[in-house]
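Residue numbers (the UniProt record's numbering), protein chains in the order written: chain B, 1 to 239; chain U, 1 to 239; chain V, 1 to 239; chain Y, 1 to 239; chain E, 1 to 239; chain H, 1 to 239.
Bear in mind the hints are in silico, worked out from the structure with no lab data behind them.
With a straight-line cut-off of 27 Å between C-alpha atoms, the simulated BS3-like cross-links for lysine-lysine are:
hint, chain 1, residue 1, chain 2, residue 2
1, H, Lys80, E, Lys80
2, V, Lys46, E, Lys80
3, Y, Lys82, Y, Lys46
4, Y, Lys82, H, Lys82
5, E, Lys82, E, Lys46
6, B, Lys82, U, Lys80
7, V, Lys82, U, Lys82
8, H, Lys80, E, Lys46
9, H, Lys46, H, Lys82
10, E, Lys46, V, Lys82
11, V, Lys82, V, Lys46
12, U, Lys82, U, Lys46
Number of protein chains: 6
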Amino acid sequence: MRASQRNANELRSIRLSRGFTCHAEGSVLVEFGATRVLCTASVEDKVPPFLRGKGEGWVTAEYGMLPRATHTRSAREAAKGKQSGRTQEIQRLIGRSLRAVVDLSALGERQITIDCDVLQADGGTRTAAITGACVALHDALSGLVRSGQLAHNPMREFVAAVSVGIHDGTPILDLDYAEDSSCDTDMNVVMTEGGGMIEVQGTAEGKAFSRTELNALIDLAEAGIARLIELQRAAVNGD
Amino acid sequence: MRASQRNANELRSIRLSRGFTCHAEGSVLVEFGATRVLCTASVEDKVPPFLRGKGEGWVTAEYGMLPRATHTRSAREAAKGKQSGRTQEIQRLIGRSLRAVVDLSALGERQITIDCDVLQADGGTRTAAITGACVALHDALSGLVRSGQLAHNPMREFVAAVSVGIHDGTPILDLDYAEDSSCDTDMNVVMTEGGGMIEVQGTAEGKAFSRTELNALIDLAEAGIARLIELQRAAVNGD
Amino acid sequence: MRASQRNANELRSIRLSRGFTCHAEGSVLVEFGATRVLCTASVEDKVPPFLRGKGEGWVTAEYGMLPRATHTRSAREAAKGKQSGRTQEIQRLIGRSLRAVVDLSALGERQITIDCDVLQADGGTRTAAITGACVALHDALSGLVRSGQLAHNPMREFVAAVSVGIHDGTPILDLDYAEDSSCDTDMNVVMTEGGGMIEVQGTAEGKAFSRTELNALIDLAEAGIARLIELQRAAVNGD
Amino acid sequence: MRASQRNANELRSIRLSRGFTCHAEGSVLVEFGATRVLCTASVEDKVPPFLRGKGEGWVTAEYGMLPRATHTRSAREAAKGKQSGRTQEIQRLIGRSLRAVVDLSALGERQITIDCDVLQADGGTRTAAITGACVALHDALSGLVRSGQLAHNPMREFVAAVSVGIHDGTPILDLDYAEDSSCDTDMNVVMTEGGGMIEVQGTAEGKAFSRTELNALIDLAEAGIARLIELQRAAVNGD
Amino acid sequence: MRASQRNANELRSIRLSRGFTCHAEGSVLVEFGATRVLCTASVEDKVPPFLRGKGEGWVTAEYGMLPRATHTRSAREAAKGKQSGRTQEIQRLIGRSLRAVVDLSALGERQITIDCDVLQADGGTRTAAITGACVALHDALSGLVRSGQLAHNPMREFVAAVSVGIHDGTPILDLDYAEDSSCDTDMNVVMTEGGGMIEVQGTAEGKAFSRTELNALIDLAEAGIARLIELQRAAVNGD
Amino acid sequence: MRASQRNANELRSIRLSRGFTCHAEGSVLVEFGATRVLCTASVEDKVPPFLRGKGEGWVTAEYGMLPRATHTRSAREAAKGKQSGRTQEIQRLIGRSLRAVVDLSALGERQITIDCDVLQADGGTRTAAITGACVALHDALSGLVRSGQLAHNPMREFVAAVSVGIHDGTPILDLDYAEDSSCDTDMNVVMTEGGGMIEVQGTAEGKAFSRTELNALIDLAEAGIARLIELQRAAVNGD
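Could you put the whole structure together from the sequences, leaning on the hints where they help?
Structure below.
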């Protein structure tokens, strides 16, 4: 039993609240326990320069953390005048994960930007962000279908993400901040509804990990992501 | 009757939700109608260089807007690498307004930073921010008293702010975005519980305004701020 | 009697020297006592992106202070790599004040940039800048009329600005640096020739100010600005 | 057989040239085929602020690419005024990989910075950089032992890295630029001499990858890294 | 005879107006014809980090140009967020030239910063700046002697600068903007009162120059600088 | 005899290695003793905005130094977010020197960018860079002739550069770092094959220099550059 009273293979309490803000074409507050990320999808009739005139669309993401989303206040990136390497890594990961499940040709010359802003952080903000962003993106795409701008929703399947790690020698699912800070290996896995892997990013924070441990972690992640995708489906069908 | 079904002297529906996030020493979600601003207060045991060793504290504020808080997406300031002039004006205003009601000597060598982040914008974000920030700051100061770090709360009185403007020739209170975009004069007023004025910032967007109009606007603001301060009191006493 | 040997309602010695530099379409050195600001107006046949193709013009302003315009040297903003919040506030204020008195449709697709550079500072640089900038802009517009590019001068009326404040309990006009540093309330007022108010920005530096004080300050400012506009008229008619 | 005439499990021609430049405490030119990266190790008697006074050392890395290391010229990051997200990701990865094999307490309050500058790029620059950086770091640490500043070399074991990918359905080792640009899955693996995994970063560029494919890729990487570490050992023992 | 009605070896009308602004320890408006540069010297009781505790002083310079000092408006460097290469070259040149004639040990641990701001430009701004800066610096140093902070003025001799160039095949002295824009070779020479050369910077803008031409240019510069130094002496002795 | 065992008028050992890297249209590693600079020439079918549609080409240069090219590590300019004044001065000098020997009209609307990156520094990096850059540029231009894009090579003559200085009272040629750090006068001279001077930049680091010394320095430089140009010719004819 973990400090959080969860079993090794147990997700935190997950919530996906659609329509959290009113202006965006998709707006989802995703909660993985105390981690809360606001994901908004904004549709624009333009594409980045490298795609102009090709008839294809683009999906990109930006990530930010409110200064006091964390235990101690971090300096505001806008005030420092640049985004950290961590921020850039995360937003590139979110963008790649979403593009992997969207038929960009079917999207037409449009860009959808997903903003993932962490209101409260307790570990796993990037995996929560991917999971919520997928629903926000789905909502934005559904809107384009509803308004007749697209014939069908170009999202081929859902995508979700979860963290896994080796804590005190035991592989565990969906680490909170306390677990994340003290684990030996930390891995983020992004998978699709069909079970395909999109990203696997494992890092030994302390001692190196073995093939056996790698396999155990991926087993945990597969099951966790399957459950997350059920919850995404339920959230979307709830309307 | 205004498009929003409000009387000229009527505030929007106001909500002050304390404890909105869990890490900050004060955390208030303030809503002026559809305008929603998250105000967090962070206490640190350090002061800016110009105050070191003087035994005095400091209160400062930062302001930000999520990229899709607005009707169309704005570029993220962290990505652009600088804060706009508007952002800097607003955060300086919030900081000055709060310092006006705090006895900084009684605070000791501590800095309290109030982060005001707009989750959803519908006009009046700066006045909502000041109104919510005052409660977040009060909560942080109360915490210092509760933990024995301060003998009494160094906030001398409450402070709140509201916008007023002349719309189609009529002075109105607490403008929403639609009203703000089409009014001739826009004024932000910051006042204390005791009725003292802290800031008066009036701007003729279209035609110039007269002394008579100035007086009518300040009358409206005085009444509106009195009501806002009642709501602040109620929010704080609610615990 | 003030330390500067002026009465409470007395302006400093004001000078408006036109043609101070030779390249700009308008070039005015404005002096409010020891405060000296060089205001140049530059006409360009282009407008900002948001106005392209609309047949309208634009007036904008930039503000700077030479590093040793002040008692002690300040770091050069170009060397620091960014303009302070104060600089941005001031240049936005100057731009708004000037646009309020110009018929931008009559200007055609032209941009006029007013650069206000403080050569020597002794309080009231922003109000001196507005007052001088108006004359530089008028000269640039007159030039466009003289050269046949405009049928008439699109400046509808003159605009000027002055600071007022409460110093030792007494409302006074046109504060110098020493007065500004030790006053309780500081207010900048921008008004037109016709007596319309364009901007009123009052800030309680120390204790809050009352409605009565607000009224006294605006009375002082009205009279001071009327006098400044007489001096602008005289300067322009002097050629 | 691949376009490069290599078998699926064959590394490119690898060279590790020590002492490539004269000033650095370690200086290695690493070549993976046509990819050439200069790795220098610089020892400084200071540590980052978060480690001061803790008696521990630090190892960090920076990464850069000469503007014409690539087929077409890329803009110089120093001229653009910021490092790309890709650059930051890579330098963070190199730093983490090296720290995983060094006993930082045994290093004392010293920082070693590894600069990895790509002189010529043909795919796999980050894995070549890690492999070369390990040797440069080893040389710098040996120097500290030789000069009596350290009692023993605090590098616990060697670390190397290689890329693997799925190209036309086949898992292949050590991708060159042409293969990297057209593969479906791209994975970078960092492992130690003892066979422990430090980093596994797999990304589906096109279609998602399966568990079976993941396993095949890691098998390839394990063998490749074992060979790279033999070459590191040989290079170090060559003096 | 030149377009400006000057002989080949004739300086423009030169003016050195001391005490041009009131706050700086030295303040000189230097005019080389229509080129006008304000040079202020600011004394501070601190030195740059590399000199701390060495008992020596430092002299440095910064250079700027008001946006409309020139025929067409240039973007403000503070707004662009960086100083151009040209600005940096010039301010480094001014600083080196001044340090060459000051006994920095005799100055004590003080820094004097010379700000050279071009109010109006008509060619030769850097040479005018050096010539005026020398007088401003001398005044600041005299002030330190007068107030008893220094026993004697640590400026060993005066330094001045002038431009020379080959225009239509003829070597000419002190080029104005029109001459500078159309000359083949442009050279800036900095010399001391004793005839020593501090800087010689010659550039072929069009065709290369010969040894004979180089000699002719330096002859012209020597005579011009001798005259400038007489004028510096006269200006300083005028008080 | 100098510390380096060279005569006063003796160059260091010079090497020009063409084809040092494989992607660039010209790629030369130039060595002046232990100073090693990689010069690559990149041809692009575009010109800077001020030349568009004029049928002329452009040659420009960028300069950088690897962080550990020097005795102690310098901060990476890309990480600091800006290029130093020194870097900008040098790259402007290289660009001007190369443009002086190229017929830009004959180049057509193409830009050639020469990147000069210092791999190892031991004094004279800017003069080595110019000397190597000329060969890289020549190779790129020859390539355009070979591929039929140009009828003839638009480089009119070769250009090279060398440093000279006064060290312990003696004029010497081609200073290494130790000599450069302790000399009184440091001069960089850029000359063409035909003996024309392109740039002469002399600086008194310590005491001023006389006309006699200036002449002696230029004599040394003329002879040194003649020898460098022989080596350039030999390198180019070697293929």
